[in-house]
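Starting from the known structure of chain Z, arrange chain C on it as the hints suggest.
Chains Z and C, in that order, are what the protein sequence lines are. For the first sequence, the positions run -8 to 296 when the working numbering is used. For the second sequence, the positions run 320 to 583 when the working numbering is used.
Each statement offered as a hint is correct.
Straight-line alpha carbon distances no greater than 20 Å define the calculated SDA-like cross-link-like pairs of lysine to any residue that follow:
| hint | chain 1 | residue 1 | chain 2 | residue 2 |
| --- | --- | --- | --- | --- |
| 1 | C | LYS505 | C | GLN406 |
| 2 | C | LYS464 | Z | ARG23 |
| 3 | C | LYS464 | Z | VAL230 |
| 4 | C | LYS436 | Z | TYR147 |
| 5 | C | LYS451 | C | MET461 |
| 6 | C | LYS436 | Z | GLY151 |
Reference listing, derived: stretches of chain C covered by chain Z, where coverage requires no fewer than 3 residues with Cβ under 8 Å from a Cβ of chain Z:
| hint | segment |
| --- | --- |
| 7 | 385 to 399 |
| 8 | 414 to 420 |
| 9 | 423 to 429 |
Have a look at the derived ranges for each label pair, beta carbon to beta carbon:
| hint | chain 1 | residue 1 | chain 2 | residue 2 | range |
| --- | --- | --- | --- | --- | --- |
| 10 | C | ILE447 | Z | GLY79 | 41 to 49 Å |
| 11 | Z | ALA92 | C | ASP499 | 47 to 55 Å |
| 12 | Z | LYS229 | C | THR433 | 31 to 39 Å |
| 13 | C | ALA441 | Z | LEU265 | 48 to 56 Å |
| 14 | C | ASP543 | Z | ALA271 | 54 to 62 Å |
| 15 | C | ALA504 | Z | TRP148 | 38 to 46 Å |
What the hints contain is simulated information worked out from the structure, not anything from laboratory work. A quick note: this is a predicted structure, and the numbers were derived from the prediction, not measured. Backbone N, C-alpha and C fix where the C-beta goes; we use that ideal spot for every residue, glycine too.
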Amino acid sequence: MFFSSLLNAAPGAVAQGMLWGIMAIGVYITYRILDVADLTVDGSLATGGAVCIMLMRAGCNPWLALLCAFLVGMLAGMITGLLHTRCGIPAILAGILTQLALYSVNLRIMGSKSNQPISVDKYNLVVSQRFVKELSLRNPLIPAIVTLAVLIGILYWFFGTEYGSGLRATGANRRMASAQGIDTRVTVTVGLMLSNGLVALSGALLAQYQGAVDVNMGRGAIVIGLAAVIIGEVLLGKVFRNFALKLCAVVIGAVIYYMVLQIVLQLGLNTNDLKLFTAAIVALFLSIPCWKDSVRTKKGGVRNA
Amino acid sequence: MLEIKNVSKTFNPGTVNAKTALNGLNLTLNDGDFVTVIGGNGAGKSTMLNAVAGTIQVDTGSIVLDGRDITRLPEFKRAAYLGRVFQDPMMGTAATMQIEENLALADRRGQRRTLKKGITAADREHYIEQLKILDLGLENRMTAKVGLLSGGQRQALTLLMATLQKPELLLLDEHTAALDPKTAAKVLEATQRIVEKNNLTTMMITHNMRDAITYGNRLIMMYDGHVAVDVSGEEKKHLTVEQLLELFSKASGSDEADDKLLLS
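Excised from the complex, chain C in its bound form:
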């Protein structure tokens, strides 16, 4: 369970460029929740994910994951509990290292890295099985450098890496935004499969309203650094894009909502 309590974050405080990205944000995720997150540019979606991941330190408030207060924990320590896939396909993998080496690195997330062999024969077999789930033929290219893969293949691999050691929380930061529609659909499908199979608690930022409605059991919309709309269960299942926009303009109390969302 993830509890974000009254979290605020201002970038460049005290300057003309001061920007309040998170503004008294409260959000609780129950175990097994698959939450899609939408909102306009600057609504604080990525900042929220980065705050949870520890890439940025929050000003006030607390972040509690499964009973542990991780608010001040450095990024590399939180990594033990978190799986992450970034928007940029280059970000989540080491391009100059082999597919199996990348997987082995991810497989030891949260464990002490010792002077034991980096990859064992048993590891290899395990990775081949896991790669088959992606259905991209990567299982036949275990020793290929990741830099040779396409963006979609890299994102799929990053997704697998993020979930190889079952994370307590999976964070997906627009992980299909940089892909062409066909590849994006494939990666999303793989996401759905992996999340369901492992019953992962997941937060997925997306700019695609339809995806936000289709995937997950809960949808939140952010506005101005806090959660403006929170829909789940049956209500979410029957949501339409039009309804979503209406909900949003009601919550934010302005008409510019549609533009802000649609143009982003």
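Chain Z on its own, in the form it takes in the complex:
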């Protein structure tokens, strides 16, 4: 009984994990590459969903709507970037400010409603929950995998370019980047834009997948993104060293997260406790490197410098 219902829920969890994986890649860019904790994402995820759904309801082509969601997400990231680099506001606070402002903006986009549905019967959705168990081209797993493959390919290329390397250097050592003639104010802003563009794209796809956009859909998104990044690193960090594979690990992390979530829900976890559970998982995985270190030190081993 338990296993059959779990098996039943698995395709949905995988699809959701993959769509969240796009968001997690965005988090990876800020948290790991740029070394900035960006909380804008809690707002820009819903912004992406809102832009996409409202445009489609107005008759826009779904792919074009996704592109627009990406661009508006970039705009949100730019605001955080400017607040941080030009106004000297600490990154974490700049992100919180944008996130807060975005709540109002999102409601505006959504015509002052907190929820806007989009029916799979009436609209040509790129991904929809309804077909997740169907063996056809309408299955959301197909566009999800294709989108991820394209995105990872583009990011792999971008971070290997002169400009992309400058962005990585900014995250690795800002002073060194400055000394090498990189305007870190610009690179940090560009990184935040790229990240939030991806997060908004993820939000847009998720809204299509669920058949509705909700103004609260991004609440706690950063934690889910972090969970994916960290689960991916802890489980696959030793094996996946290539940059493209690291991004794959992030997506796999997101899928695992949703699988685990399904399991605990099947086991009878109250859905109201989900956020608590998520926070606990992330706290646990974030602590592992620290504990590993202290165990190693106690055993008399050399601390990894």
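Leaving out everything else, chain C in the frame of chain Z:
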């Protein structure tokens, strides 16, 4: 040519912690000068270098490099003309990036960073040749993360990065101070070789009086935010540490000079 004209800088002005680090500083470096800079703690050596590099903005005065007034230019723009090596070996390189990636970053200093490939095959060959000059075997570890290197190796690499694109001025801020004596000597030797080969205009801060005398064609001693002693040519070649101390106490007009210098 570098001209520092009447430059002053006070940190925390108007507070009890006010500290005048540069006080009407005047200094002109001719092309090809290799100047060693000594002076006690708080004499303004690092502040001078940071002012030239743009890490700090000066209060008054001007800094002119090869005819360009760079006084108000932001740090990242000045980087096009400057090569820098810091005291902290961690500071000059990106630890999580590979040796070749670090070199490629430095190789594009002063150029527009485009969407072209970060490292080309031709770049790689060039970097391997350059790394061989350091004689540390780094040419065989091109894809190793810089974080795996020792402090000395990192400083040597930073030095190479600072000079890969020939800078108009090379700034060395006690770049061997954090290294053990043997490694420090090696890095200094590499410095000498690279500076001579490229005929670089160089400023090198050091706490080691002997190094200050041995290296370069000119020596300046800073005191209280300005240049107190300036020796060059034959006079510098024959300088001894004792003479240097004497010169300093004369210039600063106090006996505490020796202590201040020796203890620092």
